[in-house]
Amino acid sequence: MHIFTVTIRMLILLIAVSALSFILIAKAPIDPLTAYIGTESTLSQEAKDEIAAHWGLNDSLPQRYFKWAGNVLRLDLGESITYKRPVAEVIGERFSHSVILMLLAWALSGILGFLLGMKSGSLQGRLPDRAIKTFCLLLQSTPVFWIGLLVLSLFAVKLGWFPIGMEAPIGKLAADVTAGDRIYHLILPVFTLTIVGMGKITLYTRRKYIETAGSDFVLFARARGETSRQMFTRHIMRNIALPAVTVQFASFSELFGGMALAETVFSYPGIGTATTAAALNGDVPLLLGTALIGALFVFAGNLTANILYGVFDPRLKEGGDYI
Amino acid sequence: MNCEKVTGQKTGKTITPVLDVRGLGISFGMYAGGLAKSELTVMRSVMLKAFAGEIHAVVGASGSGKSLLAHAILGILPANARRFGDIFFCGEELTRELQEEYRGRRIALIPQSVGFLDPLMRVGKQVVGTLGTREAQRAAFERYALPSEAERMYPFQLSGGMARRVMVSTALMGRPELIVADEPTPGLSEELAEETMRWFRELADGGASILLITHDLELAMKHADRITVFYAGYTVESAPAADYAAGKSALRHPYTKALIDALPQNGFKPIPGTQPYACQAPGGCPFAERCGLRTGECAEDVGMRELRGGEVRCVHAD
Numbered sequence: 001m002h003i004f005t006v007t008i009r010m011l012i013l014l015i016a017v018s019a020l021s022f023i024l025i026a027k028a029p030i031d032p033l034t035a036y037i038g039t040e041s042t043l044s045q046e047a048k049d050e051i052a053a054h055w056g057l058n059d060s061l062p063q064r065y066f067k068w069a070g071n072v073l074r075l076d077l078g079e080s081i082t083y084k085r086p087v088a089e090v091i092g093e094r095f096s097h098s099v100i101l102m103l104l105a106w107a108l109s110g111i112l113g114f115l116l117g118m119k120s121g122s123l124q125g126r127l128p129d130r131a132i133k134t135f136c137l138l139l140q141s142t143p144v145f146w147i148g149l150l151v152l153s154l155f156a157v158k159l160g161w162f163p164i165g166m167e168a169p170i171g172k173l174a175a176d177v178t179a180g181d182r183i184y185h186l187i188l189p190v191f192t193l194t195i196v197g198m199g200k201i202t203l204y205t206r207r208k209y210i211e212t213a214g215s216d217f218v219l220f221a222r223a224r225g226e227t228s229r230q231m232f233t234r235h236i237m238r239n240i241a242l243p244a245v246t247v248q249f250a251s252f253s254e255l256f257g258g259m260a261l262a263e264t265v266f267s268y269p270g271i272g273t274a275t276t277a278a279a280l281n282g283d284v285p286l287l288l289g290t291a292l293i294g295a296l297f298v299f300a301g302n303l304t305a306n307i308l309y310g311v312f313d314p315r316l317k318e319g320g321d322y323i
Numbered sequence: 001m002n003c004e005k006v007t008g009q010k011t012g013k014t015i016t017p018v019l020d021v022r023g024l025g026i027s028f029g030m031y032a033g034g035l036a037k038s039e040l041t042v043m044r045s046v047m048l049k050a051f052a053g054e055i056h057a058v059v060g061a062s063g064s065g066k067s068l069l070a071h072a073i074l075g076i077l078p079a080n081a082r083r084f085g086d087i088f089f090c091g092e093e094l095t096r097e098l099q100e101e102y103r104g105r106r107i108a109l110i111p112q113s114v115g116f117l118d119p120l121m122r123v124g125k126q127v128v129g130t131l132g133t134r135e136a137q138r139a140a141f142e143r144y145a146l147p148s149e150a151e152r153m154y155p156f157q158l159s160g161g162m163a164r165r166v167m168v169s170t171a172l173m174g175r176p177e178l179i180v181a182d183e184p185t186p187g188l189s190e191e192l193a194e195e196t197m198r199w200f201r202e203l204a205d206g207g208a209s210i211l212l213i214t215h216d217l218e219l220a221m222k223h224a225d226r227i228t229v230f231y232a233g234y235t236v237e238s239a240p241a242a243d244y245a246a247g248k249s250a251l252r253h254p255y256t257k258a259l260i261d262a263l264p265q266n267g268f269k270p271i272p273g274t275q276p277y278a279c280q281a282p283g284g285c286p287f288a289e290r291c292g293l294r295t296g297e298c299a300e301d302v303g304m305r306e307l308r309g310g311e312v313r314c315v316h317a318d
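First to last, the protein sequences are chains Y and E. Per our numbering, the first sequence runs over residues 1 to 323. Per our numbering, the second sequence runs over residues 1 to 318.
If you are wondering where the hints come from, they were derived from the structure by calculation, not from laboratory data. Don't take every hint at face value.
In silico lysine-lysine, BS3-like type, Cα no more than 30 Å apart, as pairs [said to hold, decoys possible]:
| id | chain 1 | residue 1 | chain 2 | residue 2 |
| --- | --- | --- | --- | --- |
| 1 | E | K37 | Y | K119 |
| 2 | E | K37 | Y | K133 |
| 3 | E | K125 | Y | K119 |
| 4 | Y | K158 | Y | K133 |
Given these sequences and hints, build the entire structure.
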């Protein structure tokens with residue numbers, strides 16, 4: 001029953017996202033034909049009309065949408081104008097790059113943010129706590145691309161420790177690129193996304209720590225002779241870690257958005273740069289494809305968060321319906 | 001373990017009380033705007049003696065600092081609290097180290113509500129805690145007629161009555177000589193409240209001293225052996241429960257007499273004025289402002305003194 005409702009919800013989401021993107025793109029001042037053949041084309045008007053007819057550009061918007069959707073159901077996302085390859089292939093390749101970047105940044109920001117939040121909460125009101133809090137608030141209110149630029153200008157330009165962008169050294173054959181090269185190129189974007197993602201989870205953990213450590217049940221545990229260590233491992237840790245994990249899963253959407261910007265700053269060939277390129281070139285099939293993938297990804301994150309809430313919190317688990 | 005399990009009043013000879021609180025006061029350090037630090041006094045002077053085998057009720061209005069008394073005895077006051085005065089446990093001064101050693105073992109707290117249980121831990125494991133055993137927990141559940149399924153439940157799944165039984169069970173994981181029950185009855189039906197008091201009586205009969213913190217004077221009159229009344233951060237009278245039941249004339253302090261008058265069966269007769277908070281209490285007798293017997297002496301510090309088998313903080317009481 002749950003799986004059924006979840007699937008229905010996912011389908012509704014995908015339909016809404018694709019329809020909205022479709023309308024936005026159709027109404028945008030981009031002529032797909034010009035985008036495809038270029039402004040300098042010498043094609044005759046008849047040839048242009050033929051292409052337009054072949055693509056169905058003269059059909060009504062709903063007709064075009066249903067045609068596209070029908071193709072998507074047959075797993076055909078169309079051909080990317082920018083890369084001259086099937087959209088599914090482009091997305092698959094790009095996504096594999098982005099997934100590494102996102103998973104690393106997600107895990108690192110989660111772990112570091114959690115530890116920092118615990119430390120901060122346990123030192124509530126003292127100088128380190130106030131410094132951490134201020135730092136996190138600053139991070140929360142700073143745009144990703146700006147932090148990316150700062151990181152880039154400091155570590156890549158000024159200090160020269162890291163490459164300025166891309167996923168592998170320029171001018172090196174793809175076959176010669178080593179895992180070390182890739183890791184080296186990943187460091188700065190991962191670092192940027194990590195510190196950006198850390199703010200939220202740090203502040204959440206900090207607040208939760210203060211709340212839990214001051215709770216009646218921790219007070220009672222102390223009254224029953226538990227040591228500080230026992231109170232921490234038996235009550236505080238569990239009451240903070242479980243919701244923190246779900247919060248981290250729910251932050252997939254921000255991570256996805258941040259990644260698109262960070263990739264652009266670092267010229268990293270992931271899904272984010274592909275989206276930017278698609279938008280700039282009027283590459284409608286690719287743009288729609290990335291919109292779908294993005295929606296699926298964020299949906300998966302939120303779904304995981306919802307499921308985990310139920311798994312971790314007995315009040316929801318034993319209550320039954322949690323998705 | 002030098003507590004004698006005999007009642008003070010019954011034998012008449014001098015015996016060591018389980019709990020002897022002498023002039024306990026509590027204040028909190030507060031930041032009053034900017035860096036100026038001020039002290040907020042929430043308890044002025046508390047004097048009471050609780051004996052083995054007795055239920056000693058501490059009665060006071062909300063905000064009179066009763067729960068803080070419980071926290072001070074267990075040593076679980078917040079970090080910014082300062083405690084003055086002395087607490088003796090079985091004749092031994094209750095230092096911070098001893099509090100840490102005794103709590104959960106020789107001194108137990110029974111909390112007010114289910115909110116004092118960890119929402120994410122199963123009830124059985126929680127009752128066992130760090131000092132108990134599964135066997136002790138099962139025995140306690142049996143004693144209080146808790147079904148064995150309760151062990152696997154989470155606090156939110158407990159009914160009010162079950163939660164109360166679970167919290168009483170926690171006290172049995174040690175072998176407490178002093179059990180502090182903080183407001184155990186509000187929100188309970190009359191039968192449940194009666195039942196709870198029966199459990200306390202059983203524990204007292206087993207040799208423990210029960211400190212029952214409540215705002216319910218009638219409940220205290222019905223079930224306690226001795227009652228101490230709080231007013232504005234002071235204890236004003238400590239006397240056998242029978243004196244309260246006997247009425248005004250058997251009591252000593254003008255405030256406790258007024259309390260008796262204010263009971264429903266005595267026609268809800270109020271006295272003018274309101275009880276000040278401990279921080280606003282005037283010097284001298286805290287009740288002087290509202291008292292008909294007030295004289296010049298009342299402006300000076302008034303200590304607790306013995307009178308007719310009880311103790312009173314009033315120069316005019318006779």
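Verification of the supplied hints:
Among the hinted pairs, K37 of chain E with K119 of chain Y is consistent with the structure: their alpha-carbon atoms are about 26 Å apart, no more than 30 Å. Restraint check: the Cα-Cα separation between K37 of chain E and K133 of chain Y comes to about 24 Å, which is no more than 30 Å; the hinted pair holds. A threshold of 30 Å between alpha carbons decides the hint, and for K125 of chain E with K119 of chain Y the separation of about 28 Å falls inside it, so the pair holds. Between K158 of chain Y and K133 of chain Y the CA atoms are separated by roughly 29 Å; this keeps the pair inside 30 Å, and the hint holds.
Taken one by one, the earlier hints all hold for this structure without exception.
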